[in-house]
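Protein chains in written order, with the numbering used here: chain C, 178 to 402; chain W, 15 to 91.
Treat the hints loosely; a few may be bogus.
Simulated crosslink set (DSBU-like; lysine-lysine; CA at most 35 Å straight-line) [stated by the list, open to error]: (1) C/LYS341 <-> C/LYS376; (2) C/LYS206 <-> C/LYS390; (3) W/LYS38 <-> C/LYS206; (4) C/LYS208 <-> C/LYS376; (5) C/LYS268 <-> W/LYS38.
Think of the hints as simulated: they come from the structure by calculation, not from any bench. Everything numeric in this text was worked out from a predicted model, so none of it was measured.
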Amino acid sequence: MCTTCGCEEATHDHRHEHVLDLEIDVLAKSKRYAADNRKWLAERGIRMINVMSSPGAGKTTLLERTIREAKKEFFVIEGDQATALDAERVKAAGARSIQINTGAGCHLDPHMVRHALEDLDPPRGSVVFVENVGNLVCPALFDLGEAERVVLLSTPEGDDKPLKYPHMFQTASLVLLNKIDLLEHVPFSLENFTLAVAKQSPRATVMHVSAWKGQGMGDFYGWLS
Amino acid sequence: MHELAIVESMVDAAEEHSGGRHVKRMVLQIGALSAVLPDAIRFAWDVATEGTLVEGAALDIVEVPGADVKIVRMEVA
């Protein structure tokens with residue numbers, strides 16, 4: 178076997194024009210779409226916030242309450258494998274929304290988000306939430322062109338999650354500990370959580386909220402404004 | 015399984031650079047901080063390359079430091 182290219186020929190008489198040395202970033206296309214989204218949003222003064230968590234942590238409930246209480250017009254891009262349930266919920270709360278169904282996909286990508294943005298056509302200066310597919314792993318990898326990333330963790334999930342899912346927490350601008358009203362009913366150590374977040378997300382702002390009961394939500398509205 | 019999306023991007027890039035020739039072997043560098051799992055890439059490889067210029071190609075994965083995922087070499091027919 179030729180040791181230069183690994184082909185089957187025993188001698189080295191053949192030419193190696195068929196070996197291409199390259200430097201192709203596999204995510205280059207996705208990064209280009211994200212950069213293009215960022216430019217599109219900047220030109221319109223639109224702030225896009227990528228909201229991520231595991232399924233059931235309370236993303237939609239957070240958005241519903243925010244839409245009802247924060248006295249501002251919001252736009253929402255919803256990502257789920259199936260159904261338009263979440264788009265319906267935030268629409269009922271008063272936001273214009275669009276649902277992306279990813280089918281087998283585990284995350285939103287910047288190309289899908291661009292189409293959704295163009296369809297939503299939010300006005301200059303508005304705030305767009307992207308509620309990503311519920312998943313603490315894959316969405317962390319894909320830049321959508323957002324200005325900020327909000328990562329939710331709910332108390333029933335356990336205080337060790339920032340350590341177990343480092344990629345997600347490392348990229349967060351804001352970490353929201355949700356379902357704080359359940360703190361006394363679940364085995365969750367605020368001290369361990371605080372240490373874990375300090376380790377994984379040293380630059381992130383951290384807030385404790387109950388999106389369902391309303392506790393701490395004023396802090397979130399303050400962060401938004 | 016975002017690795018399926020990664021392999022699909024690899025196939026796109028390979029077809030763009032192979033000049034229409036069939037790809038026999040591809041060398042992929044995966045950064046340890048990239049959140050891309052070599053085993054999951056291998057798992058997705060056969061399905062995602064089927065019916066493309068990369069179908070049947072051997073895949074060599076080199077794990078490196080850093081966060082990038084790069085195709086560093088292709089052998090084409």
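Evaluated hints:
1. C/LYS341 <-> C/LYS376: holds (12 Å)
2. C/LYS206 <-> C/LYS390: Distance ~42 Å between C/LYS206 and C/LYS390 Cα, so the pair is violated.
3. W/LYS38 <-> C/LYS206: holds (23 Å)
4. C/LYS208 <-> C/LYS376: holds (27 Å)
5. C/LYS268 <-> W/LYS38: Roughly 51 Å between the alpha carbons, so the hint for C/LYS268 and W/LYS38 is violated.
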